[in-house]
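Protein chains: 2
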Amino acid sequence: MSDFTQKLRPGKPDGPSTLLQQRTQSNISVDELAHHLLSYDGFLDRQLRILPLLEQEPLFNKMNQANLSRIEVFKLALARAKRLRRLVDENGWDIYDYKMAETLIDDVSPYYLHMHMFVTTIKEQASDSQKSHYLPLIESFRIIGAYAQTELGHGSNVQGLELEARWDPSTKEFILHSPTLTASKWWNGSLGRIANHAIVVAQLLLPSSSGQDSSPEYASYGPHPFIVQVRDMSTHQPFDGIVIGDIGPKLGYATIDNAYMLFDNFRVPHSALLSKYCQVDYESGAYSKPATQGILYGTMTFVRSLIVHQARLALARAVTIAVRYTSIRRQFTHRDDRDGPEVSVLSYPTVQIRVLPLLATTYALHYTGLAMQETYKDTRQHVERGELHTLAHMHSMSSGLKSLCTNIVADGIETCRRALGGHGYGGASGFTRLGPDYLSRVTVEGDNWMITQQVASYLIKRMTGVVMNMDDDNHDELGQSFKLFLDMKQSKQSPIPCDIYASDRAIVDAFQQRATILTYDIYEARVLEKRPWTEIMIQLHKTSSAQSQAIIVNSFFNALNTENTLPGPTKSTLWDLYRLFAFYTMESVGYDFLRSGAISHCHVEKLASRVQELMGKIRPHAVNLVDSWKIPDFLLDSALGRYDGNVYEDLFNRAHKFNPLNQVTFNPNYWEDEIVKGISDKWSSQLAKL
Amino acid sequence: MSDFTQKLRPGKPDGPSTLLQQRTQSNISVDELAHHLLSYDGFLDRQLRILPLLEQEPLFNKMNQANLSRIEVFKLALARAKRLRRLVDENGWDIYDYKMAETLIDDVSPYYLHMHMFVTTIKEQASDSQKSHYLPLIESFRIIGAYAQTELGHGSNVQGLELEARWDPSTKEFILHSPTLTASKWWNGSLGRIANHAIVVAQLLLPSSSGQDSSPEYASYGPHPFIVQVRDMSTHQPFDGIVIGDIGPKLGYATIDNAYMLFDNFRVPHSALLSKYCQVDYESGAYSKPATQGILYGTMTFVRSLIVHQARLALARAVTIAVRYTSIRRQFTHRDDRDGPEVSVLSYPTVQIRVLPLLATTYALHYTGLAMQETYKDTRQHVERGELHTLAHMHSMSSGLKSLCTNIVADGIETCRRALGGHGYGGASGFTRLGPDYLSRVTVEGDNWMITQQVASYLIKRMTGVVMNMDDDNHDELGQSFKLFLDMKQSKQSPIPCDIYASDRAIVDAFQQRATILTYDIYEARVLEKRPWTEIMIQLHKTSSAQSQAIIVNSFFNALNTENTLPGPTKSTLWDLYRLFAFYTMESVGYDFLRSGAISHCHVEKLASRVQELMGKIRPHAVNLVDSWKIPDFLLDSALGRYDGNVYEDLFNRAHKFNPLNQVTFNPNYWEDEIVKGISDKWSSQLAKL
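Residue numbers (this note's numbering), protein chains in the order written: chain A, 1 to 690; chain B, 1 to 690.
It should be emphasised that the hints constitute simulated quantities derived from the structure, not laboratory data. Values in this document were obtained by computation on a predicted structure and should not be read as measured data. Some hints could be false.
If several chains are the same, the list does not tell them apart, and a pair holds so long as it fits within one copy or across any two.
To be verified - The calculated BS3-like cross-link candidates involving lysine-lysine, where the alpha carbons are at most 27 Å apart (straight line), are: (1) K606 with K542; (2) K7 with K530; (3) K276 with K123; (4) K99 with K689.
I would like the entire structure built from these sequences, with the hints used as guidance.
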């Protein structure tokens with residue numbers, strides 16, 4: 001049968017001509033803006049260098065992965081991970097090259113935890129002799145490791161972990177034991193099928209009587225990390241006394257083997273306890289611990305700040321697809337011009353209001369991510385000099401931003417997807433892996449609702465300090481804002497509304513003013529009225545979000561205010577994006593700003609029209625603004641978001657040429673057992689049996 | 001190796017004892033409440049009767065479906081669909097029995113469109129002779145049909161469809177032809193691999209000169225439905241001149257074969273045009289059309305009102321899981337009682353604020369669904385008597401509620417999932433099919449942002465009528481509200497804020513007052529200021545949402561206000577749910593209510609604390625309130641939401657006993673090509689080639 005579809009072309013105007021028109025009519029210089037955004041750390045050069053190497057490998061082709069079974073997906077992921085590790089050897093890649101390739105391949109690799117949490121924990125918590133033993137084995141992949149902390153019954157509350165590590169003074173061993181089912185390790189990536197070693201976090205139990213007793217009493221010293229070989233190196237089976245497996249299918253992350261693991265009185269040597277900071281004396285069994293707990297924030301804060309920095313690119317991926325496709329997609333004529341051409345759906349304000357504030361958000365998150373990285377680096381330098389006073393600030397900032405930014409991005413990805421209409425639900429949208437995978441971020445590394453308590457604690461402590469004139473850090477912006485507020489409060493002045501339409505700096509002030517007032521409210525509730533912590537939790541969460549929003553707006557403003565190399569028109573559009581992000585955010589919590597006196601009634605009234613006006617100004621530049629993120633088609637994996645705009649041809653090819661279901665002819669007659677025509681398979685025979 | 005995990009039990013207190021304690025301490029009578037909610041149409045009896053028949057069939061076991069490839073999922077779905085259809089014959093089931101079974105099995109069946117849109121369209125749009133030919137074939141499944149309207153390039157804008165049906169007066173045939181690639185039918189369920197017939201919607205083209213000409217001019221009469229046999233009944237291959245296939249993997253809906261379909265000058269007979277309302281004369285080619293277009297709203301309005309009614313059970317499924325699991329899950333002690341037991345996470349206000357307003361929403365949507373069904377029935381009766389004046393109201397109500405309710409439920413399902421923490425991301429959560437499948441609802445049967453324009457049009461028309469004293473329907477509540485508003489406006493009175501904390505009826509008034517003011521604003525913008533429709537689209541959408549919220553609150557209030565059989569404590573808790581839904585909704589759009597004058601500043605201020613207080617009152621009844629939805633474990637398919645509370649045993653069993661990935665031992669060494677130990681498979685050999 002001849003295939004008459006070969007000669008068909010999409011209706012006019014087509015995608016390529018639409019995007020060309022959009023690209024040429026904007027005066028935003030994509031290459032200059034991309035350089036401004038992404039030249040940091042050689043990101044763009046690295047992407048350019050690595051991408052072609054990946055595109056030429058058939059294993060990394062993404063076309064049919066959505067059709068595979070879980071087992072096949074996992075096999076493919078392991079084959080890809082091996083190939084990727086070989087590319088490191090072949091090309092002499094450094095760790096940044098490796099991570100770039102990992103990002104572009106877009107699998108959460110079966111080696112993921114080995115290359116991230118496992119090696120990081122060894123580096124940060126192992127003693128020098130442990131490091132010299134393990135690091136060469138890790139770097140050469142002679143051992144593969146994972147990180148096993150979370151349990152079936154305990155995630156957020158690390159102190160509540162049930163797995164025990166009991167010191168046996170007679171044999172000088174720790175006995176790992178799971179006393180209950182809920183003590184099973186759970187969720188531990190790379191461990192279910194792949195790793196042969198793991199960092200195992202367990203409650204350290206030491207004899208409280210001196211040890212000569214036949215059944216000594218034990219006291220708990222809290223969760224501690226141990227390094228444990230869990231599988232035989234030749235058979236790859238777990239040792240006797242250990243049960244391990246993969247926990248099964250999940251919402252996303254099909255390419256990684258999240259584990260369960262239980263121990264039955266499994267013995268590990270004294271050297272298993274990672275002992276840079278905590279030691280159990282080999283002879284006496286005596287415990288010694290670090291001078292300050294602050295140092296242990298290290299890894300967690302690093303990971304949170306990294307998540308904040310990565311957030312913008314996940315959202316940029318979604319927004320790139322949304323802007324390009326909604327520029328190309330046309331539907332309906334204007335109601336007031338029925339005979340005109342069909343309109344690009346991005347020209348409808350009801351599409352703009354979903355996509356363009358998120359476009360602005362990619363930029364807001366970019367500058368926030370940079371500010372977060374800077375704060376992290378500064379604090380590390382302080383800590384290395386023994387100055388710990390900025391640790392709490394960094395911890396609070398990373399927790400609050402992790403919570404807020406990952407919420408914004410997870411929700412934003414879905415908002416973009418819905419803005420694509422029906423094709424957004426299809427597998428060629430580029431969202432079927434991005435969306436579910438990203439949703440893990442709102443829970444991992446501290447649940448987004450839980451960790452805002454840490455921000456609120458910090459804010460209450462700072463406010464208390466300022467009230468009592470005992471705040472060491474009141475030279476920083478937060479302290480100054482609190483002080484200003486308290487001074488005005490003392491002199492019974494009302495807050496002065498910020499003139500947000502007259503000055504871009506006034507927008508920053510409005511956000512901080514609102515956050516400060518909310519902080520005072522929780523300080524009052526908790527410190528002055530002594531209300532139970534649990535009772536005010538919703539307010540605590542809200543205050544953390546408000547402070548994090550203030551940080552984002554402040555970071556965006558500071559970055560633009562100090563930037564002086566971008567061409568005028570580009571710069572001017574970035575300011576519009578700043579205003580759009582701020583006003584859109586304000587409008588979504590309108591009453592809150594009004595109530596705090598940060599802006600006036602008449603300013604609130606105008607927010608919606610200002611947002612719409614800004615969207616009108618940004619619309620002509622939308623395609624160039626997403627192009628500037630330079631996200632390659634290989635990563636987008638989207639018929640809708642392709643750089644060249646050949647949306648409909650690509651959708652059709654994926655369905656018509658590459659869909660394996662179309663190779664199968666079915667028998668639709670319900671009275672016949674046959675499922676596939678001419679073939680008797682397991683479902684036919686199951687049906688026949690009934 | 002002995003499996004020591006057999007003897008392990010979860011830590012105390014366990015799930016069953018927690019749920020037992022929750023169930024006994026509440027004075028809500030689950031069976032009475034369930035009867036009140038679900039006895040309508042014999043729903044509960046039907047569920048009780050059908051469920052055991054499904055539970056005993058191995059084909060309907062859901063345990064391993066998430067591990068299958070797309071092709072296997074589809075084969076299984078077809079086997080299940082055949083078995084289900086045989087159960088109809090074996091048990092003499094009616095259509096409601098069939099649909100109940102379909103819901104419980106929870107596949108979108110490959111026969112779905114045959115049993116829904118295909119048969120409905122034949123019933124509603126076929127002539128009597130077409131019906132008498134096709135209906136017996138459809139009911140006996142001798143033919144399988146689908147509904148092909150949407151195209152690659154056009155979904156919402158049905159008038160823009162590109163497929164042509166050109167009348168050839170010489171042969172008395174219609175020629176179906178796809179002039180472009182974007183004219184390809186797309187998304188048409190059941191058609192990709194299964195159906196042999198389809199309703200095909202195409203632009204009807206008739207010769208505009210009288211037909212003796214050799215190349216006559218054609219005029220378009222808009223989209224019309226044709227019934228077309230598309231596949232050979234014995235080979236099940238498409239006919240020459242037709243290309244059909246499945247469009248490939250999607251976000252959800254893996255069990256159904258959404259199609260693409262193109263025609264190359266394919267000829268169908270005169271009888272193909274469904275001709276109850278529209279006819280092309282066989283001899284003359286003359287066209288005749290229905291007296292009123294209103295009649296064609298029928299199917300669409302019916303489907304939208306059905307979606308509104310179904311929304312509550314989709315959300316109830318999510319909320320049932322969330323309430324049960326967050327009652328069982330314990331994490332942390334209270335900060336003010338560090339030595340106390342770990343707290344059920346549902347006792348934290350930060351969990352309550354996500355779950356309990358949605359619990360209230362299930363009830364709000366229930367009464368709204370009933371009101372929608374009543375309105376639909378009334379209107380049908382009017383229409384059958386030739387009275388068409390309530391059609392526009394019903395169309396507006398069903399469009400506005402479809403948009404709002406499916407948004408609430410789609411977002412609510414995800415909110416519940418996130419409230420489950422890490423385990424919410426796992427495959428045993430019960431959300432991995434529910435969430436992605438439900439997301440289709442925000443787009444199908446009219447995109448949720450697009451169709452609110454239809455509501456706004458209606459509201460503007462009604463307001464214009466009332467302003468001009470020409471509103472025929474001003475005896476209804478909407479007309480009265482508009483009239484009251486205009487009277488006060490004329491006499492220059494300010495709106496009187498509603499005393500929402502003193503009277504439950506005042507809450508209804510507040511919602512309607514706000515919606516009325518927003519309606520006046522869009523009337524003013526469009527009718528008085530003559531602003532372009534496109535420019536005010538965001539306001540139109542907002543106004544539709546406000547009016548739909550008013551309908552929900554009104555329906556909830558009316559239902560409780562007229563109900564008089566439920567026991568006092570149950571009734572009293574339902575009123576608390578009503579208030580919680582209303583105040584939570586108000587708080588989320590606080591400024592809007594304030595601005596409209598519907599409630600006062602000091603009322604807005606108290607919303608948050610009233611919401612928290614109501615949540616505290618509802619918390620002890622939460623388990624019984626979800627139990628009353630009587631959603632069986634078979635449908636929930638959730639380790640977290642099981643009725644018996646054995647959460648951790650079930651999670652562990654699914655991973656340890658039923659996960660096929662754990663039958664495979666992998667080789668983790670990157671320098672070796674082997675993927676599975678001892679086996680050379682396709683990924684090993686692909687890797688070796690590189």
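Which numbered hints fail
Of the numbered hints given earlier, the structure breaks just one, which is hint 2.
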